[in-house]
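Top to bottom, those sequences are chains Z and B. Here the first sequence is numbered in my numbering, starting from 7 and rising by one per residue. Here the second sequence is numbered in my numbering, starting from 884 and rising by one per residue.
Please keep in mind that the hints were generated in silico from the structure rather than gathered at the bench. Among the hints, erroneous ones may be present.
Claimed, not checked - With a cut-off of at most 25 angstroms between alpha-carbon atoms, the simulated SDA-like pairs for lysine to any residue come out as follows:
id, chain 1, residue 1, chain 2, residue 2
1, B, 1215, Z, 240
2, B, 1044, B, 1116
3, B, 1215, B, 1148
4, B, 1044, B, 1140
5, B, 1044, B, 1123
6, B, 1219, Z, 241
7, B, 1215, Z, 241
8, B, 1215, B, 1135
9, B, 1215, Z, 143
10, B, 1215, Z, 123
11, B, 1215, B, 894
12, B, 1215, Z, 128
13, B, 1215, B, 1123
14, B, 1215, Z, 224
15, B, 1044, B, 1031
16, B, 1215, B, 891
17, B, 1215, B, 889
18, B, 1215, Z, 206
19, B, 1215, Z, 142
20, B, 1215, Z, 195
21, B, 1044, Z, 134
22, B, 1044, B, 1108
23, B, 1044, B, 1024
24, B, 1215, B, 1139
25, B, 1219, B, 1130
26, B, 1219, Z, 135
27, B, 1219, B, 1131
28, B, 1219, Z, 133
29, B, 1215, Z, 209
30, B, 1219, B, 988
31, B, 1219, Z, 134
32, B, 1219, Z, 240
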Amino acid sequence: MPMGRFLLGRLGQTAVLLLLLSFFVFLLVDSIPGDYLAEMEFTAAIPRPQVEELRRDLGLDQPFYIQYASWLSGLVQGDLGYSFAQRRPANQLILERLSNTLWLASGAFVMILLITFPAGIAAAVHPGGWIDRAVLTFSLVGLSLPSLLLGLGGLYLAFRSGWFPIGGMGSLRHLFLPALSLAIPASAYLVRQLRLEMMDALEMPHVQAARARGLPPHRVVLHALRSALNPMISLLGVAWGALLSGAVVVERIFGWPGLGDLVVESLSNRDLFVVLNSVLVAAVFVVLSNLAADFLLALNDPRIRNR
Amino acid sequence: MKRAGLILPGLVLGLLLAFSWAAPFLAPYPPERQFRDFARMQPTVPLLRGPQGWTLRPHIHDYRPPSRPGQPYPRLSRLIPVRFWVDSEPYRWMGMTWRTRFFGLDDPQRQIFLLGTDQLGRDVFSRLLHGGWVSLTIGLAGVLAAALVGIAAGSLAGYVKGAADVIVMRLADVIFALPALFLIIGLRALYPAQLSAGAGWWMLVTAFALVGWATLARVIRGQVLSLNSREFVLYARACGASHWWILTRHILPFTLNTLLVQVTVMLPAFIILEATLSFLGVGVQPPQPSWGNLLADASNLAVMSSQPQRLMPGVLLLVTVLCLTLIADRIKGISKQRRLI
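Let the hints inform the model, and build the full structure from the sequences given.
The structure is reproduced here in structure tokens:
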């Protein structure tokens, strides 16, 4: 059962990492000046002893490690605190926004796959050819075009041409421009990696052998792709996690009600506990996507799961 | 041939850096100065062709405030010459007090706005130059800080090993798991809503060090680990060299190559990050300009359609990052050819 053991090991590592992460974020939460009730203290209508009582009830007068333990147990049960700006439990808010971000990120991810694989493979098959040069130019330009500029450009295009809605969320047409401005920088990086990996893979002995036996070119490419896929899976896992970070600015530009939009909005409302819990949710998301990438990697390559 | 690819982007970057460094002298007005009567103005373009034909003395057409706000500015036929080395109110630059600026108008009632003005009547051109300095230096200082922390943490982990290694690498894992933008926004939550210009600059540099050190530490650690068992290090140790000596004279110099590659990749990423953060209102705060918050000002559709020149910070950002990416590419190629050991 090598696959099971591999998975178990990775799950254990992930659990440790998540624990460390939660501790780190709790440190941040704890170092915010004041606590949940600090603002009440300055409200004349609420008597001081009442605030103290409330603080005792909520356990905010407990020492650091007990507070951490109760915060963590709440977290495990899906309690992400309370949003004072929106006056409702933060977990509803955060999960709703996270699902919107996931919708955007999935769209971007599909585009990344659609750009990276055809372009990377076509470039690697004829190195130095015109497709290769075009792909390299795209990669260079794409790397220098941050989502910020692409988003602004896309917004201007939508405004000028009227082909796309200017902002908001809804149909696939709403999705296109935000997803594209997320996908271009990411695929500019990935296409370069895939091209290099494919060029290496096409030289490998088993691919050479396949070619020597007279396999049609597309079958040879498929042979090479399986070895080139290995590093790509890890990189795609990282890219999927990084989409979340990039989504912040794209969501702001296009008015997409996602997690990044929520974080920035909450920061300006000084709804700080929502900010930090969203940071934690985003980090958990990244950790889980790396775990998923490892799992896929093990599926693709028996050498990894038997190690 | 390989070197040639470095010259052009290096030159462009050098020019950008020099222009923004000289911003106090080159920009006709202080970046925070508001000309409230002349808000949202179109550029006053210096012309070289007057009623008497072509001249070498540039001038602009006079203008006056519109009768109603929002109307276009009427252009008058009176010409105002553009002067060089004009007197200005005193300002501080390079530790001295200056009373001269590179160009401007003699007429105290009229101003020259090369890129027009923003909604508060501030000169966009002046803000662009000053903002460039802020954006570029934050990126550079952030990379420097990240490199220092990364080298320290990486050599600690790789040389001392044991518990230090475990702690540093687990910390690095935590940083890797946190999306950079979210981490910095989370950090920003710890600071008060309003920060002074200096405090904001330091906050960003610290945040960049926190985001960037982990990548470098991981790379440096690997190199230190492998170098540590090489013969020349063993020899130095046998000769009785101290740990500090071995680390700084025998190990770290050989990591420079990798470090340079990592740093050149990190620099454009940090400049983009600064612009993005300032765009979101989390980074450099107005009235202090930076390319990111200038873009934020210009990012609504009304401004984009009426004053597209205000997207200039985006163009400069693009050029900067393009040049830095080209340089990073070249350095990666050169370093691949010359593996030292």
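These are the hints, each one checked on the structure:
1. B:1215 x Z:240: holds (22 angstroms)
2. B:1044 x B:1116: Holds: residue 1044 (chain B) and residue 1116 (chain B) sit about 16 angstroms apart, inside 25 angstroms.
3. B:1215 x B:1148: Measuring from Cα to Cα gives roughly 9 angstroms; hence the hint holds.
4. B:1044 x B:1140: holds (23 angstroms)
5. B:1044 x B:1123: holds (20 angstroms)
6. B:1219 x Z:241: holds (21 angstroms)
7. B:1215 x Z:241: holds (19 angstroms)
8. B:1215 x B:1135: Holds, at roughly 19 angstroms.
9. B:1215 x Z:143: The hint holds at about 17 angstroms.
10. B:1215 x Z:123: Answer holds: residue 1215 (chain B) to residue 123 (chain Z) is near 24 angstroms, not above 25 angstroms.
11. B:1215 x B:894: Roughly 19 angstroms between the alpha carbons, so the hint for residue 1215 (chain B) and residue 894 (chain B) holds.
12. B:1215 x Z:128: The hint holds at about 24 angstroms.
13. B:1215 x B:1123: violated (36 angstroms)
14. B:1215 x Z:224: violated (32 angstroms)
15. B:1044 x B:1031: holds (19 angstroms)
16. B:1215 x B:891: holds (17 angstroms)
17. B:1215 x B:889: Holds: residue 1215 (chain B) and residue 889 (chain B) sit about 12 angstroms apart, inside 25 angstroms.
18. B:1215 x Z:206: holds (18 angstroms)
19. B:1215 x Z:142: This hinted pair holds, its Cα atoms lying about 15 angstroms apart.
20. B:1215 x Z:195: Cα-Cα ~15 angstroms, so holds.
21. B:1044 x Z:134: Not OK: residue 1044 (chain B) and residue 134 (chain Z) at ~45 angstroms, beyond 25 angstroms, violated.
22. B:1044 x B:1108: Distance ~9 angstroms between residue 1044 (chain B) and residue 1108 (chain B) Cα, so the pair holds.
23. B:1044 x B:1024: Not satisfied, since the Cα-Cα distance of roughly 29 angstroms exceeds 25 angstroms.
24. B:1215 x B:1139: With Cα atoms ~13 angstroms apart, residue 1215 (chain B) and residue 1139 (chain B) stay inside 25 angstroms; holds.
25. B:1219 x B:1130: Distance of about 24 angstroms is within 25 angstroms: holds.
26. B:1219 x Z:135: Since the Cα atoms of residue 1219 (chain B) and residue 135 (chain Z) sit roughly 23 angstroms apart, the hinted pair holds (cutoff 25 angstroms).
27. B:1219 x B:1131: Distance of about 23 angstroms is within 25 angstroms: holds.
28. B:1219 x Z:133: holds (19 angstroms)
29. B:1215 x Z:209: holds (23 angstroms)
30. B:1219 x B:988: violated (53 angstroms)
31. B:1219 x Z:134: holds (20 angstroms)
32. B:1219 x Z:240: The given pair, whose Cα atoms are some 23 angstroms apart, holds under the 25 angstroms limit.
Hints 13, 14, 21, 23, 30, counting from the list given before, are not met by this structure.
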